[in-house]
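Based on the provided sequences and hints, a complete structural model is requested.
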Amino acid sequence: MDIHFNADRYILSNPDNKIWSVLTFLAICLSSFIFILQWRQLPFFLDMYYHLAVAKGFDAAEGLVLHNFWEYGPNGAPHIYPPLIHTIILGLLKIGFSGIAVVKILSCVIPALFLYTTWYVIKNILNKRTAFFAVYLCLCASLFMISISFTPAATIAVTLLLLAVFFIHKNYILTASLIMGLIFYTHTGIALLSLLLILLAWISSIIHTKQFIKLLSFTLLIGLPWCLHIIKSISEISWHNTAQMPVRFYPVIVVFLIIGLIRVLKNMHEYKIFIILIIALMPMGILYPFRLFSSQGMIGFIILAAIGLDSLYTTVDNALKKNRAAGRYLPFFTLVLLLYLIIFAPSINLHKNDIRLELSDSQLTAIFEGKVRRPEYIISSGMFNSDLFKELSSYINKYSDNGEFIWSNYRYITGILWCVTQRPSLSHMLLEIKPKDRRLNLADGSLLIIIDEPEGEFKRISKIIKSCFSIVGTFKKEGTGIYILKNKDSEQAFSIADPLISTPYLFIILCVYLIAIVLCGKNKY
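Last residue of the sequence shown: 543 (the numbering used here), numbering continuous.
Because the hints were derived from the structure by calculation, they are not lab data. A virtual CB, placed ideally from N, CA and C, is assigned to each residue, including glycine. Just so you know, not all the hints are guaranteed correct.
[Said to hold, decoys possible] Below are the BS3-like pairs computed for lysine-lysine, each with C-alpha atoms no more than 25 Å apart in a straight line:
{"#": "1", "residue 1": "K408", "residue 2": "K506"}
{"#": "2", "residue 1": "K408", "residue 2": "K495"}
{"#": "3", "residue 1": "K542", "residue 2": "K228"}
{"#": "4", "residue 1": "K452", "residue 2": "K250"}
{"#": "5", "residue 1": "K290", "residue 2": "K542"}
{"#": "6", "residue 1": "K477", "residue 2": "K494"}
{"#": "7", "residue 1": "K504", "residue 2": "K494"}
{"#": "8", "residue 1": "K290", "residue 2": "K188"}
{"#": "9", "residue 1": "K188", "residue 2": "K284"}
{"#": "10", "residue 1": "K506", "residue 2": "K540"}
{"#": "11", "residue 1": "K36", "residue 2": "K228"}
{"#": "12", "residue 1": "K495", "residue 2": "K232"}
{"#": "13", "residue 1": "K542", "residue 2": "K504"}
{"#": "14", "residue 1": "K188", "residue 2": "K228"}
[As the list claims (entries may be wrong)] Pair ranges (Cβ atoms, derived):
{"#": "15", "residue 1": "K228", "residue 2": "F351", "range": "47 to 57 Å"}
{"#": "16", "residue 1": "S31", "residue 2": "E288", "range": "16 to 26 Å"}
{"#": "17", "residue 1": "S378", "residue 2": "W57", "range": "16 to 26 Å"}
{"#": "18", "residue 1": "E288", "residue 2": "E496", "range": "49 to 59 Å"}
{"#": "19", "residue 1": "K494", "residue 2": "V530", "range": "47 to 57 Å"}
{"#": "20", "residue 1": "G303", "residue 2": "H247", "range": "50 to 60 Å"}
{"#": "21", "residue 1": "I29", "residue 2": "S404", "range": "44 to 54 Å"}
{"#": "22", "residue 1": "E409", "residue 2": "C486", "range": "21 to 31 Å"}
{"#": "23", "residue 1": "L532", "residue 2": "K228", "range": "41 to 51 Å"}
{"#": "24", "residue 1": "L377", "residue 2": "I29", "range": "31 to 41 Å"}
{"#": "25", "residue 1": "I483", "residue 2": "Y134", "range": "28 to 38 Å"}
{"#": "26", "residue 1": "A119", "residue 2": "V334", "range": "41 to 51 Å"}
Shown next as structure tokens:
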């Protein structure tokens with residue numbers, strides 16, 4: 019039997035040969051490996067702890083609840099965060115993973131799934147080389163990679179939006195509507211952007227009027243139950259953006275973006291679907307400029323930059339073809355380009371009135387420069403110090419009963435302690451909820467945990483609490499004083515809300531829904 023070797027499969031000039039898929043796989047593995055190297059520092063921010071706390075709330079209630087009884091004590095507050103991420107976490111908890119292990123695992127897995135989806139969508143709409151460049155440029159932006167790790171619900175929502183873009187492009191209307199409907203149960207803000215995407219797809223003639231009506235109707239019908247809950251709770255939602263995250267620009271990506279824009283303007287028909295994706299993501303910057311320019315919303319700009327890089331690569335490749343001797347060095351030139359981009363990936367960091375230039379700020383180089391704060395630092399919002407929480411838990415179990423409220427001047431600490439000790443909190447982690455007529459009364463707390471940071475915080479709080487509190491413990495961690503105060507008179511205790519959907523049915527609904535998406539996609543509906 020003759021064996022024929024097809025060398026053309028491995029020619030870099032071919033934008034659809036398998037080597038680009040292999041390089042993409044290696045890039046995603048590199049990204050995941052970098053996250054694993056930072057295992058002790060994961061998760062990078064308190065969002066993951068919030069989602070874990072909600073999952074623990076679902077676990078305590080034995081199902082999905084619409085009332086947050088584990089925070090905002092003693093009366094609680096409406097629970098408005100969509101439940102998909104919490105259902106996933108709950109499933110992993112039921113399998114037997116510890117809470118901290120779950121948030122660390124998801125901090126690695128979700129970015130990898132996001133990168134894979136980005137590759138899958140672009141390579142099926144454009145080509146494998148452009149898809150690889152998109153994934154690779156993601157790795158050239160450290161803050162982008164970190165942020166898609168520490169804001170998992172928004173990352174999952176944008177991942178679903180990318181899949182919806184693909185199925186809209188293929189005119190699989192039912193599949194696209196099922197995916198967009200699921201976004202309503204993932205992230206409310208991005209669900210609204212998905213509706214804008216549907217409108218833009220119709221205006222730009224990607225879908226015709228009948229398809230537009232079907233897609234919009236099915237999506238709204240699926241998302242209606244959660245929309246009604248949000249509308250019912252709208253008076254207790256805060257629309258003020260309290261987050262002051264830095265905005266970071268990457269000049270290399272900006273340059274490729276401009277080149278990509280020029281190419282797109284010359285052939286709008288081929289790239290129309292990605293243009294409407296970028297436009298649909300733009301409103302994200304109204305409340306969260308960081309999320310548009312440095313986080314999930316940046317993916318639209320990265321795709322445009324990847325188109326620009328592919329255009330530049332094609333131009334260089336065509337020039338080298340005219341000189342056969344030089345053409346032999348295309349693999350070498352490609353390797354140099356990739357190394358250059360990931361090593362020399364400068365960024366401009368804008369935060370309040372401060373402007374800072376980083377000469378090398380890719381995901382790879384950032385870990386060697388210690389840009390992420392140490393996990394053991396007591397006031398870090400991206401830390402889990404097992405010794406600290408073990409010590410705090412011992413005080414809580416000794417001096418309070420199950421169901422009694424605790425409070426700390428660092429909100430995320432009580433959020434984690436709810437996960438560990440099942441003690442509800444007077445404080446809260448989600449800033450988007452402002453319950454009506456709620457005034458914090460520390461006298462409702464059984465135990466107070468005061469972190470003396472900045473120094474003097476303990477004295478300030480001591481002046482405003484009642485004399486019924488007495489110090490039952492004090493210790494230092496990383497040079498920071500920690501005080502445990504007991505309230506002998508507190509009789510407040512929480513009551514667990516009744517579940518709207520019990521846990522087994524919650525898992526069944528999710529599994530059936532995902533199977534429906536897969537079957538509809540396979541059958542081209």
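Hint check:
In summary, the hint linking K408 to K506 is supported, as the alpha carbons are separated by about 23 Å, within the 25 Å threshold. For the hint pairing K408 with K495, the CA-to-CA distance comes to about 12 Å; that is within 25 Å, so the pair holds. Our distance criterion of 25 Å between C-alpha atoms is met by K542 and K228, whose separation comes to about 17 Å. Restraint check for K452 and K250: satisfied, since their Cα atoms lie roughly 14 Å apart, inside the 25 Å limit.
With a C-alpha separation of about 21 Å, the suggested pairing of K290 with K542 holds against the 25 Å cut-off. Pair hint K477 plus K494 holds up; C-alpha atoms about 16 Å apart against a cutoff of 25 Å. Between K504 and K494 the alpha-carbon distance is near 18 Å, which keeps this suggested pair within the 25 Å criterion. For the hint linking K290 to K188, the alpha-carbon distance of about 13 Å falls within 25 Å, and the restraint holds.
Distance restraint check for K188 and K284: the Cα-Cα separation of roughly 23 Å lies within the 25 Å cut-off, and the hinted pair is therefore satisfied. Proximity of K506 to K540 is assessed by CA-CA distance (about 63 Å); at most 25 Å being required, the pair is judged violated. Restraint check for K36 and K228: the C-alpha separation of about 38 Å exceeds 25 Å, so the hint is violated. With a C-alpha separation of about 58 Å, the suggested pair K495 and K232 falls outside the 25 Å cut-off, and the hint is violated.
Taking the CA atoms of K542 and K504, the gap is about 62 Å. The hint is violated against a cut of 25 Å. Between the alpha carbons of K188 and K228 the distance comes to roughly 15 Å, so the proposed pair stays at or under 25 Å and holds. For K228 paired with F351, a C-beta distance near 49 Å keeps the hint of 47 to 57 Å intact. Look at S31 against E288: about 20 Å separates their beta carbons, and that is inside 16 to 26 Å.
Between S378 and W57 the Cβ separation comes to about 23 Å, which falls inside the hinted range of 16 to 26 Å. Taking the beta carbon of each, E288 and E496 are about 55 Å apart, inside 49 to 59 Å as hinted. For the hinted restraint 47 to 57 Å between K494 and V530, the CB-CB distance of approximately 52 Å keeps it satisfied. Taking the beta carbon of each, G303 and H247 are about 26 Å apart, not inside 50 to 60 Å as hinted.
Range check, I29 to S404: Cβ separation about 52 Å, and the 44 to 54 Å hint holds. Our hint of 21 to 31 Å for E409 and C486 holds, since their Cβ atoms are close to 24 Å apart. Between L532 and K228 the beta carbon distance is about 27 Å. The supplied range of 41 to 51 Å is therefore violated. Under the hint 31 to 41 Å, the C-beta atoms of L377 and I29, about 35 Å apart, fit the expected range.
Look at I483 against Y134: about 51 Å separates their beta carbons, and that is not inside 28 to 38 Å. The supplied range of 41 to 51 Å is met by A119 and V334, whose beta-carbon atoms lie about 46 Å from each other.
When each numbered hint is compared with the structure, violations occur for hints 10, 11, 12, 13, 20, 23 and 25.
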